[in-house]
Amino acid sequence: MSPAFLNFIEIFINGLMAGIMYSLVALGFVLIFKASGIFNFAQGVMALFAALTLVGLQTGQVPFSHLINAIFDTDIHNWGPGLPTVLAILLTMVVMIALAWVLEKFVLNHLINQEPIILFMATIGLAYFLEGFGDLMWGSDVKTLDVGLPSGGSFWWEDVTRAWAPEDADYWGMYIDKLDISATIIAVVLVTALSLFSQYTATGRALRAVADDHQAALSVGISLRKIWVIVWSIAGFVALVAGIMWGAKSGVQFSLSLIALKALPVLILGGFTSIPGAIVGGLIIGVGEKLAEAYIGPMVGGAIENWFAYVVALAFLLFRPQGLFGDRIIERI
Amino acid sequence: MNVHVHPTQEFRFMRPDDGIEQGDPLLVVDNISLSFGGVKAITDISFDILKGEIRAIIGPNGAGKTSMLNVINGFYHPQKGTITFRGQKRSRMRPHEAANHGIARTFQNIALFHGMSVLDNIMTGRITLMKRNMLWQALWRGPAETEEIENREIVERIIDFLEIEHIRKTPVGRLPYGLQKRVELGRSLAAEPSLLLLDEPMAGMNLEEKEDMSRYILDVNQQFGTTIALIEHDMGVVMDLSDRVVVLDYGQKIGDGTPDAVRNNQDVIDAYLGVSHD
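Respectively, the protein sequence lines represent chains W and E. Be aware that the first sequence starts at 0, since it is given in numbering that gives the first Met the number 0, and climbs by one per residue. Be aware that the second sequence starts at 0, since it is given in numbering that gives the first Met the number 0, and climbs by one per residue.
Warning: the hint list may mix true and false statements.
Distance condition first, Cα-Cα at most 27 Å in a straight line; then the derived DSS-like pairs of lysine-lysine [unchecked claim]:
| hint | chain 1 | residue 1 | chain 2 | residue 2 |
| --- | --- | --- | --- | --- |
| 1 | E | K39 | E | K88 |
| 2 | W | K177 | W | K142 |
| 3 | E | K130 | E | K168 |
| 4 | W | K225 | E | K209 |
| 5 | E | K130 | W | K225 |
| 6 | W | K104 | E | K130 |
| 7 | E | K168 | E | K50 |
Please keep in mind that the hints were generated in silico from the structure rather than gathered at the bench.
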């Protein structure tokens with residue numbers, strides 16, 4: 000195989016893996032949108048908050064230490080060496096469930112039967128609140144997150160692919176980050192687990208029922224409030240997974256919450272109501288971005304990656320507004 | 000998988016009814032008034048539903064029949080009056096609580112989960128009876144598995160009863176209207192309700208489908224002893240099925256009694272023939 004073709008494959012694979020990361024964020028959006036019709040602008044910040052909490056627990060940070068130090072003129076930062084990773088992840092999950100519960104109790108419950116735009120505005124407020132709250136709680140410095148996943152390039156894969164090119168070619172083999180491979184495996188497991196749960200358990204059935212028809216769900220005895228806590232908890236869990244993957248890849252910092260914006264074109268592509276759509280949409284955006292950067296980028300001076308996804312989304316809005324897998328929008332006249 | 004089902008074992012849906020005897024009031028509606036802004040939907044309506052009977056609620060369009068059902072199962076909260084169900088008085092109740100207390104219903108415009116299969120739709124009817132927590136379900140082991148299988152067994156028998164085996168796995172949205180109505184009845188039966196509210200169960204059906212539905216309703220009432228309140232426009236059906244009829248017009252009760260008594264009530268005749276109200 001020629002090095003040019005191998006390069007193409009390498010870009011393609013890396014695009015797929017970047018796409019998985021987008022899918023993870025988009026998945027959280029779809030879950031909440033399906034069950035409650037709310038477009039949760041705060042999904043990205045939830046991922047950031049989860050990652051911050053995880054790092055904080057892992058490293059034994061005292062929450063609100065800056066605030067405490069400022070008020071009481073103390074100088075505390077850490078309460079100890081920190082928790083083992085597994086325990087820290089479990090505790091973070093508890094925090095995310097508590098967050099879902101508080102949200103339902105103090106925000107959503109007061110906005111039942113309101114227009115979608117009002118709920119959307121509420122999630123924007125939530126995003127800003129959570130961002131500031133996360134900063135206040137854990138500090139705004141960039142943190143490194145290490146949950147013990149392998150990272151760095153895979154030498155084995157490099158050797159294997161080097162052998163595919165002609166002996167005398169100027170080619171060094173493909174680069175694939177081991178972290179991306181872990182992310183892919185984790186994403187596949189997560190999506191499989193979620194779909195099994197929703198297909199084969201009573202709670203999963205209740206979730207699907209609520210997503211389908213609120214009134215009918217109420218009449219068979221499903222408590223919407225309970226379901227919303229569950230859905231937001233699951234979205235919190237997905238945010239945690241996304242936060243871990245993105246945090247491990249590029250550090251836990253504010254820009255993490257901006258990846259949520261990349262989920263938007265993913266959702267427009269895949270459809271707001273479709274879980275497979277979120278995944279395929281993420282993959283298409285990931286691959287499209289990387290290929291465009293590599294092949295069209297040099298012609299226009301690069302940095303295509305930043306806007307390419309939005310252009311694709313725009314094209315989709317023109318020709319297929321419901322996305323690839325979304326429900327057809329049929330208005331009754 | 001320790002579920003033992005004997006073919007001879009009699010299949011009963013009915014829940015124990017907290018000491019309500021056959022023929023005693025199961026539900027008492029007392030002086031209910033409901034308005035939306037300035038529009039009065041229901042004014043001072045009182046009636047009761049006796050355990051074991053089929054009670055019809057009839058009246059011209061806009062008489063407040065569906066509003067009445069919505070009040071009974073908690074979708075609407077009346078401004079005035081009380082509802083006593085199984086001896087417990089209440090003025091407000093959320094719909095999912097009503098379902099938990101044994102009130103199941105169907106809707107005029109069919110409120111099924113269109114993307115889900117017939118089987119899954121009917122399984123949702125049993126949600127109030129499935130108590131295993133989510134963690135067990137997530138593990139899909141032990142108690143949750145047993146529970147799922149037991150409930151599935153009962154749902155399969157409801158499917159048999161309604162003769163819809165052939166469409167068990169079909170997404171409900173693809174079914175013709177008459178079958179959807181039947182599935183909706185199945186879902187409400189799955190809750191083993193003490194009181195079953197049917198909102199126009201035969202609307203839009205042809206004669207044959209109406210006959211089938213009538214038979215199911217009678218069977219449910221007689222075999223399982225379920226108390227039924229139904230709204231229906233087809234007077235022939237109402238007169239044949241129901242034990243007692245309450246007639247509403249412009250949100251007020253204008254008649255209450257056996258089908259024969261109601262048929263001969265002058266107010267009822269006027270309301271249906273459109274005599275002016277002055």
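Each hint tested on the structure:
Distance hint between E:K39 and E:K88 is fulfilled; the C-alpha atoms sit about 23 Å from each other, no more than 27 Å. For the given pair, W:K177 sits about 20 Å from W:K142 by alpha-carbon distance, which is consistent with the 27 Å threshold. Proximity of E:K130 to E:K168 is assessed by CA-CA distance (about 25 Å); at most 27 Å being required, the pair is judged to hold. Proposed proximity of W:K225 and E:K209 is contradicted: the alpha carbons are some 38 Å apart, above 27 Å.
For the suggested pair E:K130 and W:K225, the alpha carbons sit about 14 Å apart, so the restraint of at most 27 Å is met. Between W:K104 and E:K130, the direct Cα distance comes to roughly 23 Å. Compliance with the 27 Å bound is thereby established for this hinted pair. Annotation: proposed proximity of E:K168 to E:K50 is violated, straight-line Cα distance about 35 Å (limit 27 Å).
Of the hints listed earlier, those the structure fails to meet are numbers 4 and 7, in rising order.
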